[in-house]
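Peer 1: Using the sequences and the hints given, assemble the complete structure.
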Amino acid sequence: MPNTKLAAVAVLLFLTGCTPQKQVLEDIQLVGVVGYDYVDESTIRATVSVPTTEGGSDQAVLSSTTYSAKSHTSKNIRQVLQAESPRPFASGRVSVIIFNEELARRGITKIIDSLQRDPSVGRNIYLAVAKGKTQEMLSKEYPVGEIVPAYLKLMIEQNMELTFPRANFHHFNYSYYGKGSDPFMPLLEEKHGHIRITGVALFDHSKYVDHISFDNSFIFKLMYQSFRQGSHEFKLGKNNYLTLENLSSHVNYDIYSPNTNPKINITVDVTGKVNDAAGTPLYQAKTIEMIEKTIKKQTEHDAEKMVKRFQQKGIDPLGLGDRARSRGRRFNFKDWNQKYPDIPVQVKANIEVTQGGIVE
Amino acid sequence: MFGKRRQKKQERSQNQSSGQAKTQLTFEQLMEKCKASKDFVSFTKSDKHPFTISYYKSMVNPDLVHKDLIPYLTSFSSLSLTELSQEIPVENIEHTSDVQTIMDSLLTGSVLVQSRPEKSNCLLIPAATAEKRQISVPETEFSVVGPKEAFVESLEVNINMVRKRLPIPELHVKEVTVGKLSKTRVVFLYIEGIVNMENVNTLKQRISDIEYDHILDSTYILQMISDNQYSPFPQLINTERPDRVAAVLSEGKVAVLVDGSPSALTGPTTLIEFFSAFEDYFLSWHIASVFRLIRLFGVFFSVLSTPLYVAVLTFHYEMIPTDLLGTLIASRSGIPFPPIVEAVILELSIELLREAGARLPSKVGQTIGIVGGIVIGTAAVQAGLTSNVLLIIVALAALASFTTPVYQMSNTIRLIRFPFLVFAQFWGLLGVAICSSFVLGHMLRLTSLGRPYLAPLFPLRVTDLKDALFRLPFNRQNLRPMQMRPADPARFNYKRGIEKNDIEE
Chain A
228 MPNTKLAAVA VLLFLTGCTP QKQVLEDIQL VGVVGYDYVD ESTIRATVSV PTTEGGSDQA
288 VLSSTTYSAK SHTSKNIRQV LQAESPRPFA SGRVSVIIFN EELARRGITK IIDSLQRDPS
348 VGRNIYLAVA KGKTQEMLSK EYPVGEIVPA YLKLMIEQNM ELTFPRANFH HFNYSYYGKG
408 SDPFMPLLEE KHGHIRITGV ALFDHSKYVD HISFDNSFIF KLMYQSFRQG SHEFKLGKNN
468 YLTLENLSSH VNYDIYSPNT NPKINITVDV TGKVNDAAGT PLYQAKTIEM IEKTIKKQTE
528 HDAEKMVKRF QQKGIDPLGL GDRARSRGRR FNFKDWNQKY PDIPVQVKAN IEVTQGGIVE
Chain B
415 MFGKRRQKKQ ERSQNQSSGQ AKTQLTFEQL MEKCKASKDF VSFTKSDKHP FTISYYKSMV
475 NPDLVHKDLI PYLTSFSSLS LTELSQEIPV ENIEHTSDVQ TIMDSLLTGS VLVQSRPEKS
535 NCLLIPAATA EKRQISVPET EFSVVGPKEA FVESLEVNIN MVRKRLPIPE LHVKEVTVGK
595 LSKTRVVFLY IEGIVNMENV NTLKQRISDI EYDHILDSTY ILQMISDNQY SPFPQLINTE
655 RPDRVAAVLS EGKVAVLVDG SPSALTGPTT LIEFFSAFED YFLSWHIASV FRLIRLFGVF
715 FSVLSTPLYV AVLTFHYEMI PTDLLGTLIA SRSGIPFPPI VEAVILELSI ELLREAGARL
775 PSKVGQTIGI VGGIVIGTAA VQAGLTSNVL LIIVALAALA SFTTPVYQMS NTIRLIRFPF
835 LVFAQFWGLL GVAICSSFVL GHMLRLTSLG RPYLAPLFPL RVTDLKDALF RLPFNRQNLR
895 PMQMRPADPA RFNYKRGIEK NDIEE
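So the protein lines, in turn, are chains A and B. With positions in the first sequence counted from 1, the corresponding number in the working numbering is that position plus 227. With positions in the second sequence counted from 1, the corresponding number in the working numbering is that position plus 414.
It is worth saying that the hints were derived from the structure and are not from the lab. Since the model is a prediction, treat every value here as computed from it, not as a measurement. Take these hints with a grain of salt, some might be off.
Here are a few chain A residues that face chain B, going by a calculated C-beta distance under 7 angstroms [as the list claims (entries may be wrong)]:
{"id": "1", "residue": "Lys249"}
{"id": "2", "residue": "Val251"}
{"id": "3", "residue": "Leu252"}
{"id": "4", "residue": "Thr280"}
{"id": "5", "residue": "Ser291"}
{"id": "6", "residue": "Ser318"}
{"id": "7", "residue": "Gly319"}
{"id": "8", "residue": "Glu531"}
{"id": "9", "residue": "Met533"}
Distance condition first, Cα-Cα at most 20 angstroms in a straight line; then the derived EDC-like pairs of lysine to aspartate or glutamate [as the list claims (entries may be wrong)]:
{"id": "10", "chain 1": "A", "residue 1": "Lys380", "chain 2": "B", "residue 2": "Asp737"}
{"id": "11", "chain 1": "A", "residue 1": "Lys249", "chain 2": "B", "residue 2": "Glu732"}
{"id": "12", "chain 1": "A", "residue 1": "Lys540", "chain 2": "A", "residue 2": "Glu516"}
Positions of the beta carbon are idealized from the N, C-alpha and C atoms, including for glycine.
Peer 2: Structural data, given as structure tokens:
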């Protein structure tokens with residue numbers, strides 16, 4: 228018993244310093260968005276967007292401000308930024324990280340490496356590529372009722388619910404460090420006083436090489452994952468268009484002989500509703516059949532074209548290599564990479580239109 | 415070193431107790447002692463009527479003495495004491511010459527009758543006055559529906575209230591006197607044939623082992639016979655509802671009533687029982703179950719909300735939901751204190767308000783509540799001393815702590831919040847987890863009259879869960895709680911209980 232008491236006293240006396248470091252909410256700068264810009268071969272510029280409050284405790288107004296600095300390593304930038312900030316920066320609430328297009332083309336290995344080591348950076352944050360300088364994009368104000376960090380985060384988040392394929396830092400890490408797949412991110416652009424997603428930025432490992440347009444991101448998403456929302460426009464005859472709203476789509480990969488003579492069949496089952504088909508009589512079974520056929524044809528055509536393009540560029544955002552690896556043993560990536568551009572990929576789309584709105 | 419000192423202490427205490435051992439008084443000495451008090455009366459009516467009457471006039475019922483005693487004494491003045499005792503219309507008259515008995519009886523309100531003033535041979539006629547309060551409505555365990563009787567300070571009335579709910583000869587009432595000075599009568603009640611005698615014996619032994627000079631309330635006993643007297647958790651239930659006592663007696667528990675105390679103790683008990691209000695049995699089982707869960711939620715909320723606020727704001731800014739972040743930063747900006755100081759200030763002011771309200775007469779108490787709640791609260795936020803988010807949290811936590819039906823337990827809940835706050839300040843969520851482990855470990859070791867405190871959750875007693883977190887309907891309550899190890903585990907025949915004997919139309 229005296230020993231326990233002694234131990235308790237000893238703990239109280241000698242371990243007083245063993246407490247974690249305090250980070251009181253209002254005594255730190257919560258970085259919301261980080262943007263990286265290319266300066267020259269060895270220098271990068273980082274811009275952080277930080278939410279700030281003005282006014283007293285009962286009627287405070289939230290706004291955002293930016294700090295920008297350049298240096299050779301991303302961690303040193305933090306030191307430089309610190310020099311002009313009233314409070315220390317905390318990176319635990321970063322929600323979006325944006326790379327400038329030029330920087331992305333030259334490779335983002337260095338930044339990714341330091342980011343994914345940092346335990347305070349979350350994994351459900353979004354990465355994006357921006358056309359133009361991120362410093363300019365972040366320092367502007369946008370009349371959307373949200374401060375810049377929240378705006379960017381919400382904008383990307385809700386698009387990933389709809390037509391844009393799911394891609395957060397966790398997915399990025401998987402396809403970046405995993406073999407047989409390449410990462411992709413949203414491609415952002417500032418236009419008419421707003422920031423918009425203009426497409427899917429495709430990476431060859433760490434380098435941004437190509438992009439597909441936002442219109443086609445639906446087709447990409449159909450092949451990339453099974454999902455339940457989003458809509459896409461299809462052409463129906465001359466000067467006539469219709470919109471298919473996805474109710475549920477399911478994708479299935481059939482990969483034949485992955486080790487020797489691979490052949491891939493991608494089957495996409497889409498159940499959707501046509502909610503904008505100017506003038507087309509949707510109550511006729513024949514019309515529906517016609518619509519289904521048209522959509523099927525266009526989807527298959529666009530999808531196959533898209534995969535062909537990936538193969539030509541030697542990139543694999545769909546993770547075909549990874550999927551093939553999971554189908555059998557003794558998979559050889561060297562072999563696969565060689566064969567990759569010439570692997571026959573066939574897309575089969577099964578479209579079912581179940582609804583045409585409330586007046587059918 | 416410690417051993418020696420303890421030995422010495424024991425010797426000393428033995429000396430003390432032997433020094434105070436009862437020295438036999440003679441009858442004359444006793445009379446002398448009694449006459450030293452102003453309220454002791456001793457007189458002989460007249461030479462014609464030679465009986466000497468002595469009593470404490472503050473202890474006896476004057477009506478009884480004047481109307482039923484003195485007329486008989488004067489009219490039967492020629493009889494001997496034995497004959498006299500048969501004539502007087504009062505029961506339990508004692509004819510004795512034992513000085514100790516005489517002393518005890520005199521002090522509890524008996525009238526001493528001697529044939530001659532110097533003779534110690536005498537009659538003791540019980541004539542104690544029973545000044546008691548009217549039976550009133552329960553104050554701390556109020557219920558909206560159901561009986562509204564509460565115990566009063568008189569032991570006889572209290573026993574009466576229990577016995578009229580359980581009119582069976584198996585309801586045993588055993589009495590022990592404790593307290594060197596107060597000589598308090600303590601009775602314990604149980605139903606023979608249902609109760610496990612082990613519980614009765616434990617309780618009996620603990621109560622008769624009590625060494626103290628005055629016992630003025632059942633809460634004294636509660637603390638003295640607790641299994642772990644250093645625990646902040648009450649280990650017996652203190653209730654002022656006779657219906658609750660009757661109900662737990664029929665479950666095989668033991669109840670303790672103390673003369674002069676308006677509350678009974680019942681045990682063995684479990685932690686869960688502290689969160690079941692007796693009103694739960696008056697409401698339909700769905701409603702009662704939901705209310706019990708709400709109360710349990712209230713406990714967790716009350717204990718953890720402020721510590722979590724401190725922990726999250728001090729260490730884990732990552733955890734705050736994005737939509738709440740703006741509000742929180744806004745409410746915290748411009749406040750000069752760190753979260754812990756802010757939280758302690760608010761918690762203390764709530765405790766101050768509560769204490770002030772409890773110590774003041776009820777009319778002033780209400781005013782204090784309004785002044786504290788509205789004026790101080792709003793002013794503190796407007797002055798920028800505390801954030802309004804925390805104000806809401808603290809007020810809700812205080813409210814939640816008052817949902818606990820047993821007063822002792824709700825005090826405990828408010829107390830254990832403070833160590834949680836300290837741990838949250840030093841180690842954040844980890845600290846809250848560590849503190850929870852301490853509390854949980856402590857509760858696991860607690861027992862109530864030797865029965866596990868956390869049952870039926872641990873050790874798991876599946877059959878007892880029917881009346882723990884949920885209260886199942888009465889026809890499912892066919893078994894008495896296993897926790898009590900009752901001598902007769904079955905309350906009623908389950909098959910007959912669920913039978914429907916209605917006439918089919």
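Peer 1: Could you tell me which of the hints above the structure violates, numbers in ascending order?
Peer 2: 5, 6, 8, 9 and 12
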